[in-house]
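There are 4 protein chains.
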Amino acid sequence: MRTFRLVIACPDRVGIVAKVSNLLATYNGWITEASHHSDNLSGWFFMRHEIRADSLPFDADGLRTVFAPIAREFGMEWRVSDSAERKKVVLMASRESHCLADLLHRFHSGELDCEITSVISNHEDLRSMVEWHGIPFHHVPVDPQNKAPAFDEVTRLVQEQNADCIVLARYMQILPASLCEQYAGRVINIHHSFLPSFVGARPYHQAAVRGVKLIGATCHYVTEELDAGPIIEQDVVRISHRDNVEDLVRLGKDVEKMVLSRGLRYHLEDRVVVHDNKTVVFS
Amino acid sequence: MRTFRLVIACPDRVGIVAKVSNLLATYNGWITEASHHSDNLSGWFFMRHEIRADSLPFDADGLRTVFAPIAREFGMEWRVSDSAERKKVVLMASRESHCLADLLHRFHSGELDCEITSVISNHEDLRSMVEWHGIPFHHVPVDPQNKAPAFDEVTRLVQEQNADCIVLARYMQILPASLCEQYAGRVINIHHSFLPSFVGARPYHQAAVRGVKLIGATCHYVTEELDAGPIIEQDVVRISHRDNVEDLVRLGKDVEKMVLSRGLRYHLEDRVVVHDNKTVVFS
Amino acid sequence: MRTFRLVIACPDRVGIVAKVSNLLATYNGWITEASHHSDNLSGWFFMRHEIRADSLPFDADGLRTVFAPIAREFGMEWRVSDSAERKKVVLMASRESHCLADLLHRFHSGELDCEITSVISNHEDLRSMVEWHGIPFHHVPVDPQNKAPAFDEVTRLVQEQNADCIVLARYMQILPASLCEQYAGRVINIHHSFLPSFVGARPYHQAAVRGVKLIGATCHYVTEELDAGPIIEQDVVRISHRDNVEDLVRLGKDVEKMVLSRGLRYHLEDRVVVHDNKTVVFS
Amino acid sequence: MRTFRLVIACPDRVGIVAKVSNLLATYNGWITEASHHSDNLSGWFFMRHEIRADSLPFDADGLRTVFAPIAREFGMEWRVSDSAERKKVVLMASRESHCLADLLHRFHSGELDCEITSVISNHEDLRSMVEWHGIPFHHVPVDPQNKAPAFDEVTRLVQEQNADCIVLARYMQILPASLCEQYAGRVINIHHSFLPSFVGARPYHQAAVRGVKLIGATCHYVTEELDAGPIIEQDVVRISHRDNVEDLVRLGKDVEKMVLSRGLRYHLEDRVVVHDNKTVVFS
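Protein chains in written order, with UniProt numbering: chain A, 1 to 283; chain B, 1 to 283; chain C, 1 to 283; chain D, 1 to 283.
A few of these clues could be false.
[Stated by the list, open to error] BS3-like cross-link-like pairs, simulated, lysine-lysine; straight-line CA separation at most 27 Å: (1) K278(B) with K88(B); (2) K278(A) with K87(A); (3) K19(A) with K19(B); (4) K88(C) with K147(C); (5) K278(D) with K19(C).
[Stated by the list, open to error] On the chain D side, residues computed to face chain B include the following (Cβ under 7 Å): (6) S97; (7) H105; (8) S109; (9) G110; (10) W132.
Note that these hints are calculated values from the structure, not bench results.
Virtual Cβ for every residue (Gly too), placed ideally from N, Cα, C.
The shape of chain A in the complex, shown without the other chains (with noise of 0.2 Å):
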């Protein structure tokens, strides 16, 4: 079923809910699924309708129009999306291929509804699983000398590609920060550890120095801050004194998998909305 998806953030005051649900009523708009959110805290309000497209007497760009004087009045950031129209996501790998595998699975067997563009990788070992989806595969590796011209290749690929959203699946690489701000709230990392602990390089080898009893995975908009950008999805795995450093690599790409494939779902129905430096999931 084609949804149009209106996401709005905003001071919060009376009458925003009143107001845009007139306005799906006078043109008839079936709304299947509506989430509000007022954030004491900030005074902020936000706010996910979904609309059954054929509801609507026009398109994306139409409800776009009508909904334009609202969110001026209102002072809204805000955005219409149509479920038709599926982002074009860009996957970046190295060497490890669980998250990628899991990621590609998703996407062939109909879940992850996406345009996969291209994968891009700085090591050619996951070219033929790749391949085999019917997704073109992009070499480029890193002089670690100088890595400039890898990135230079890499937002020429990302821009050809129209990308709407870039995925790093376990990329082990730092993007520049060029490429951060560029798309801003729209490049997703999977960090291997459970945020804000263990941040930078090898955090199981951390958990295991710690001796902590959970492991865990951070889902999370790419800032130009190591580690540090907003929290879409988290999740944790119990581990033991019998889980030595390679039982937590193992464990952990369980999870890895898991918190990945639901943040970038999250992302891909519009419903992650950032503030603060934080989110809100509309799951």
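For this one, chain A is given, so just place chains B, C and D on it according to the hints.
Coordinates of chains B, C and D only, in the frame set by chain A:
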């Protein structure tokens, strides 16, 4: 902060949200929380609003008066409750103290927003614990050969105390059908299994015999059919071959406490709507 | 690191551990992992040792020879397996790809320590995925009116491949009793509910009708009675009123995959002992 | 059933299990539970046996006497404890009642196998609750400008009561280093975050600011460095954008209670061995 809670259920159609939110906006109602659910299967719509009492020019009855025409128009089942009018709760227990002690502590520390009018038990064991909390304790023994007099007395006490809600905190007796009907949707039980597994007696023993790897608890509204009423909340805990029946009982107690207190909290805050022997829980 | 796994089950009595550990110490055996369990209910004792192969002066057969007298003395059910002899596994699937893809990826990335001799399916759909992994694919269609020829062919293939173990990765057909008996304790199924809830067909539909708040999956050994065999592993995921049957199916897939892969891993590493239709899992 | 618990830690080498189990078999010791762990990283070996007291021809001191030569031979850190000698526990609390009430109820209902010699608090608030349970309550106010006299009094009380163990049930004060050293491995704290995230003050506030999707609690032994001691147990609960700091505090309380009571139980049953600032927990 005092709020009014408007909870509705009705056949789904276009314009409900607009109508309701318009009404609230007309009176300048400040919505602190709004939840919607359209059930595709049944074609019903469910909505819960929490509105700051001090933002409206009338009290709960005033809200009921202005809302009644809308309710009629849409054929709504509905209620308005006032957070300032704490629900009157009768707790019923037997000899096991864990659920009762947990609820009493939550009440005592201000976490459970209700009035506990009394505890009724078929045994004297828990009197001192109850009375320390300043709550009346009624010992109503149940004669296995002739249960009617006991339940007449229970019914009398419940009615005398104008109870809004009865909580069976491991009461271990089956309430008579007449009482269940009279308090339909207002008698909350905790069953010590993950229903519909292990209906009836000795669920932990049944679980041990079947060799399950997780055990659970289920908080549900009581109906005439044993352990078959609408489920409010459930949870589980992992067990292993090392755990014998006594261990299951011990581990299960913690799940029972958590599940019952969460379920009761949802009920007290008018977050639960029952339809088709299932619940919508706006948690 | 190559290890021998010594797994025993016998009536409990004093001196078993001493006898076994003495034997191992006599031959200078380096125990890397040891697990014990005394079951009070049945009076049985279970033990699993993992011993470095290079620490012993003989191979697995040598270990069997020196151990046999002890086994006789204590009336043990026992086995010695050699981690260097990877178990031969036949996977069976139907049209649903999620469990199969998950197992194939784990195998491909070296996480599942076994040999997958082939995939047998009653449909052609998954051939390409299987063959990309370099594994033979056998299409054995099942005629609903006359299933015997198909299962004769399945039996023939399984025997021809000297399979140690059959994994039903959402195969959706009931194996004939003869095959279950022949491979007792070696046919692993994933059932898409938290057994014993929702035995049989369409468990997610049953779960939606009952209105449970968690759904689950169960990995178990197949016995003649449907969905009643010894449970190896289970897990659950939280759902809510917002999730319709399609959502349950989607959410359930992730639990099925995880539970099946964990259960299979335990089996492959000889961590599971069956007794009285229940399992001891030395995880 | 009365048992002796033999807990050892020593550098790993061949023959330890044989030596120990031989000794126990010699005296006809009935082992009800046995757990082993070889830590590859440190090269240490850990073992815990639970032995029926009535199966041995001597008491705990007798067991110590016959075991001492083996302990010397293998350079073991070791202890024998007698389940009949319940550990003496001093609970310390401040104003928050949830952890204290939980522990007192578990004690009262026979679930926690220990003797609670007293509760020490820097406030009077919880006196009545403690005294209802028949446990002495000591009010030792702490002068922020001059804490030494208070901690001298605490130390005096702890010593006078021959405490085996001190439990900080949300005590909210930092114990002096001298007391931590004197009771090393015997002071148990509950920290209201998933360490190492959110060390120090106001962890729920820190969690809200960071926007994490799970909050947790950590039970650990207290060492001189704040919130950095060996972790015994941890757990988490899911939160969302709807939960403000007050909600986090409320939800977190349940995790704190569970984690502290599990951690204390492991300690009381001699299931925890500390090595390298980490724990082996034979749960």
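Here's how the hints hold up against the structure:
Restraint check for K278(B) and K88(B): satisfied, since their Cα atoms lie roughly 24 Å apart, inside the 27 Å limit. For the proposed pair K278(A) and K87(A), the alpha carbon gap of about 23 Å is at most 27 Å, so the pair holds. With a C-alpha separation of about 11 Å, the suggested pair K19(A) and K19(B) falls inside the 27 Å cut-off, and the hint holds. With a CA separation close to 25 Å, the supplied pair K88(C) and K147(C) stays within the 27 Å bound.
Between K278(D) and K19(C) the alpha-carbon distance is near 33 Å, which puts this suggested pair outside the 27 Å criterion. Given the 7 Å rule on beta carbons, the hint for S97(D) holds: about 6 Å separates it from the nearest Cβ of chain B. The beta carbon of H105(D) is positioned within 7 Å of a beta carbon in chain B (closest approach about 5 Å), and the interface hint is therefore held. The interface hint given for S109(D) is met, as the beta carbon of that residue sits about 6 Å from the closest beta carbon of chain B, less than 7 Å.
For G110(D), the interface hint is violated, since its Cβ never comes within 7 Å of a Cβ in chain B; the closest pair sits about 10 Å apart. Residue-level restraint check for W132(D) holds (minimum Cβ-Cβ distance to chain B is 5 Å; threshold 7 Å).
Consistency note: the structure conflicts with the earlier hints numbered 5 and 9.
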